[in-house]
Amino acid sequence: MRWGMVVDLTKCIRCYACIAACRIEHFLPIGMSWPRLVAMETGGDHPTVSTYSVRCNQCHDAPCVEVCPTGATYQREDGIIAIDQDKCVGCRYCIIACPYQNRTFLSKDKDKGFFPGRVETDFEKAGKKLYRHQVGTTEKCNFCAERIDAGLAKGLKPGIDRDATPACVNTCPAQALTFGDLDDPESEVSRLIREKGAFQLHPEYDTDPSVYFIDGKIGYSDEPEIKDDSRQEPVRT
Amino acid sequence: MEIHEWMINYTRQTEWIDRRGIFLWIAFYAGGLGGGLYLVSLYFNSLLGMFISWLIIAVVKGGTHLVYLGKPLRFWRIVLRPNSSWLARGIIFVLTFVVFALIQLAFSYWLPGTAIEIVFKVLAGISALAVTVYTGFVLNTVKAVPFWNSTMLPLLFVLCGILGGFGLSVIIGLSGGNVDIHAAETGSRWLLIANALLIAIYLIAAAHRETTGKKSVMEQMRGNLAPVFWIGIVTLGIIIPLVIAFSSYFVGDISSAMIITGVICEIIGGLALRYCVLKAGAYKPLVAIAS
Chain A
7 MRWGMVVDLT KCIRCYACIA ACRIEHFLPI GMSWPRLVAM ETGGDHPTVS
57 TYSVRCNQCH DAPCVEVCPT GATYQREDGI IAIDQDKCVG CRYCIIACPY
107 QNRTFLSKDK DKGFFPGRVE TDFEKAGKKL YRHQVGTTEK CNFCAERIDA
157 GLAKGLKPGI DRDATPACVN TCPAQALTFG DLDDPESEVS RLIREKGAFQ
207 LHPEYDTDPS VYFIDGKIGY SDEPEIKDDS RQEPVRT
Chain B
166 MEIHEWMINY TRQTEWIDRR GIFLWIAFYA GGLGGGLYLV SLYFNSLLGM
216 FISWLIIAVV KGGTHLVYLG KPLRFWRIVL RPNSSWLARG IIFVLTFVVF
266 ALIQLAFSYW LPGTAIEIVF KVLAGISALA VTVYTGFVLN TVKAVPFWNS
316 TMLPLLFVLC GILGGFGLSV IIGLSGGNVD IHAAETGSRW LLIANALLIA
366 IYLIAAAHRE TTGKKSVMEQ MRGNLAPVFW IGIVTLGIII PLVIAFSSYF
416 VGDISSAMII TGVICEIIGG LALRYCVLKA GAYKPLVAIA S
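Protein chains in written order, with this note's numbering: chain A, 7 to 243; chain B, 166 to 456.
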């Protein structure tokens with residue numbers, strides 16, 4: 007069993023619902039974002055907005071696991087790369103080693119509270135009880151491993167049953183995100199990868215990511231040509 | 166919502182050089198300098214040099230590493246994965262050096278010339294070499310940053326560390342320590358030339374290692390890092406020490422002030438080299454855009 011995700015970029019409507027859902031699910035501090043939506047303009051005179059919804063790729067051969075000096079970052083049997091916050095020393099070697107830059111160090115300035123200097127909101131108070139974030143450690147997307155574990159314990163099937171599926175996948179109104187078992191050739195993710203030619207980001211790093219993309223607008227090349235004088239400008243949506 | 170520009174452009178790493186990352190930069194350099202000084206002091210059998218190198222590694226390197234960590238009280242956990250992590254190996258090297266060198270210093274002070282002293286000199290010497298070299302491996306195993314992904318980096322860091330060690334040993338000699346100043350100057354001279362050549366080869370090789378590597382090199386030579394590169398590495402780190410070294414070779418005795426100036430320039434050059442290497446390390450864009 008290896009959990010994976012397919013992001014259909016042709017369906018993404020840039021609503022940021024996946025990011026909001028993750029923030030609520032994990033009570034993320036205000037300066038922290040596990041998934042990210044990259045929005046950019048492409049095409050010279052008649053630009054179109056393109057987006058990539060990215061998150062930790064849960065690589066099969068994860069460089070972050072290899073370099074972690076404490077064993078805080080580890081790979082579960084289902085392929086998810088997890089972090090034991092109680093073991094992390096905050097050396098940030100994993101952040102340096104990740105070719106996808108999908109890890110974030112939770113520093114004090116990223117955890118100021120929603121209203122700095124004011125009383126904490128009920129949401130923040132609940133979050134501190136239910137999902138403790140430790141300043142001084144590294145964080146990243148974990149495919150909502152706690153939802154998967156709880157769902158499996160109830161006999162549910164991740165990717166099919168909502169209670170066992172990552173929050174971002176559940177909330178996506180355009181159904182651009184699909185979750186399932188990459189090792190099961192009959193799963194929806196395997197079918198999409200097979201039939202729609204889904205690809206991984208930066209395969210040249212040999213990390214074998216578990217997040218695949220279906221791309222209708224932006225191509226992928228091994229060595230991108232990005233000229234200094236024609237930098238792609240990110241746009242707010 | 167926050168816009169993540171780094172995902173669509175070449176972006177340099179920031180965690181190990183910006184803000185508190187400055188401590189890691191100092192720690193990396195202190196390891197090379199301390200290890201290099203210990204090896205040079207072993208050659209000259211300078212007890213003062215060995216003691217200073219111990220202080221540099223135990224206090225400066227150890228202290229800055231601790232200050233950098235997000236959770237310094239969990240420091241002991243960092244040694245638990247030496248089978249795969251160069252950072253874990255490196256900290257083990259530092260700890261073994263601190264212990265072996267301390268025992269060696271005690272034997273050298275109270276029981277000099279004994280077999281056990283020689284044993285601990287060998288053990289501490291091996292640990293010092295490992296401390297000098299490991300930061301190069303910490304960086305060159307990061308495939309995500311092509312500028313670092315070079316087998317020459319550990320060699321460059323070792324040479325730079327030993328060069329700094331020769332420089333400091335000259336100052337120790339001038340201060341009355343047991344160092345052959347003439348031999349130390351000769352060592353500095355040859356290592357300066359070797360270091361300059363190695364830096365040039367490293368940069369040329371990096372420039373031919375993917376577009377990202379080339380961008381890192383250009384950032385150093387023409388971008389925001391150009392002042393640090395040309396003033397710090399080239400002028401202070403190579404040209405001025407070389408001029409002073411060859412002046413003493415051709416002219417004969419030169420003033421202590423000139424020698425000390427040369428050593429200070431060498432150390433600034435070493436710091437600038439580590440700074441540029443860390444600061445210029447860049448990632449490919451996460452999302453490639455078809456041109």
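Everything labelled a hint here was simulated from the structure, so no lab data went into it. Note that the Cβ used here is the ideal one computed from N, Cα and C, for glycine as well. Just to be clear, a hint being listed does not mean it is correct.
Each pair of labels, with its calculated beta carbon distance range [to be verified]: (1) G37(A) with A365(B): 39 to 45 Å; (2) L320(B) with T127(A): 31 to 37 Å; (3) A180(A) with P247(B): 44 to 50 Å; (4) D90(A) with P247(B): 17 to 23 Å; (5) M383(B) with L158(A): 33 to 39 Å; (6) P191(A) with T376(B): 34 to 40 Å; (7) Q81(A) with P247(B): 16 to 22 Å.
Straight-line distance between alpha carbons at most 27 Å, and here's what the computed DSSO-like set of lysine-lysine pairs gives [as the list claims (entries may be wrong)]: (8) K118(A) with K236(B); (9) K135(A) with K236(B); (10) K114(A) with K131(A); (11) K114(A) with K93(A); (12) K236(B) with K116(A); (13) K134(A) with K236(B); (14) K118(A) with K131(A).
One-sided and incomplete, this derived list gives chain B residues near chain A with beta-carbon spacing under 10 Å [said to hold, decoys possible]: (15) I173; (16) L245; (17) L267; (18) I268; (19) A271; (20) T306; (21) K308; (22) N343; (23) D345; (24) R354; (25) Y448.
For each hint, the structure was consulted:
1. Between G37(A) and A365(B) the beta carbon distance is about 42 Å. The supplied range of 39 to 45 Å therefore holds.
2. In this structure the hint that L320(B) and T127(A) lie 31 to 37 Å apart at CB is violated, the actual value being about 55 Å.
3. Against the hinted window of 44 to 50 Å, the Cβ-Cβ separation of A180(A) and P247(B) comes to about 47 Å, which satisfies the hint.
4. Look at D90(A) against P247(B): about 18 Å separates their beta carbons, and that is inside 17 to 23 Å.
5. Range check, M383(B) to L158(A): about 51 Å between beta-carbon atoms, so the 33 to 39 Å window is missed.
6. A hinted range of 34 to 40 Å holds for the C-beta pair P191(A) and T376(B), which are about 37 Å apart.
7. Separated by about 18 Å at the C-beta atoms, Q81(A) and P247(B) satisfy the suggested range of 16 to 22 Å.
8. A threshold of 27 Å between alpha carbons decides the hint, and for K118(A) with K236(B) the separation of about 18 Å falls inside it, so the pair holds.
9. For the hint linking K135(A) to K236(B), the alpha-carbon distance of about 21 Å falls within 27 Å, and the restraint holds.
10. Pair hint K114(A) plus K131(A) holds up; C-alpha atoms about 17 Å apart against a cutoff of 27 Å.
11. Our distance criterion of 27 Å between C-alpha atoms is met by K114(A) and K93(A), whose separation comes to about 19 Å.
12. A threshold of 27 Å between alpha carbons decides the hint, and for K236(B) with K116(A) the separation of about 16 Å falls inside it, so the pair holds.
13. With a CA separation close to 19 Å, the supplied pair K134(A) and K236(B) stays within the 27 Å bound.
14. For the hint linking K118(A) to K131(A), the alpha-carbon distance of about 13 Å falls within 27 Å, and the restraint holds.
15. At about 5 Å, the closest approach between the beta carbon of I173(B) and any beta carbon in chain A falls short of 10 Å, and the interface hint on this residue holds.
16. Because the smallest distance between the Cβ of L245(B) and any Cβ of chain A comes to about 5 Å, under 10 Å, the interface hint for this residue holds.
17. A least Cβ separation of about 24 Å between L267(B) and chain A goes past the 10 Å threshold, and the interface hint is therefore violated.
18. Below 10 Å, beta-carbon pairs count as interface contacts, and I268(B) has none with chain A, the closest being about 26 Å; its hint is therefore violated.
19. Using the Cβ-Cβ criterion of 10 Å, the hint placing A271(B) at the interface with chain A is not satisfied: the shortest such distance is roughly 30 Å.
20. Interface restraint check for T306(B): the shortest CB-CB distance to chain A comes to about 7 Å, inside 10 Å, so the restraint holds.
21. Interface restraint check: K308(B) against chain A, minimum CB-CB distance 6 Å, threshold 10 Å, status holds.
22. Interface hint status for N343(B): violated, as the beta-carbon distance to the closest one in chain A is roughly 38 Å, over 10 Å.
23. A hinted interface residue such as D345(B) counts as satisfied when its beta carbon comes closer than 10 Å to some beta carbon of chain A; here the least separation is about 40 Å, so the hint is violated.
24. Using the Cβ-Cβ criterion of 10 Å, the hint placing R354(B) at the interface with chain A is not satisfied: the shortest such distance is roughly 36 Å.
25. The beta carbon of Y448(B) comes within 6 Å of a beta carbon in chain A, closer than 10 Å, and the hint placing it at the interface holds.
Violated hints for the displayed structure, listed by number in ascending order: 2, 5, 17, 18, 19, 22, 23, 24.
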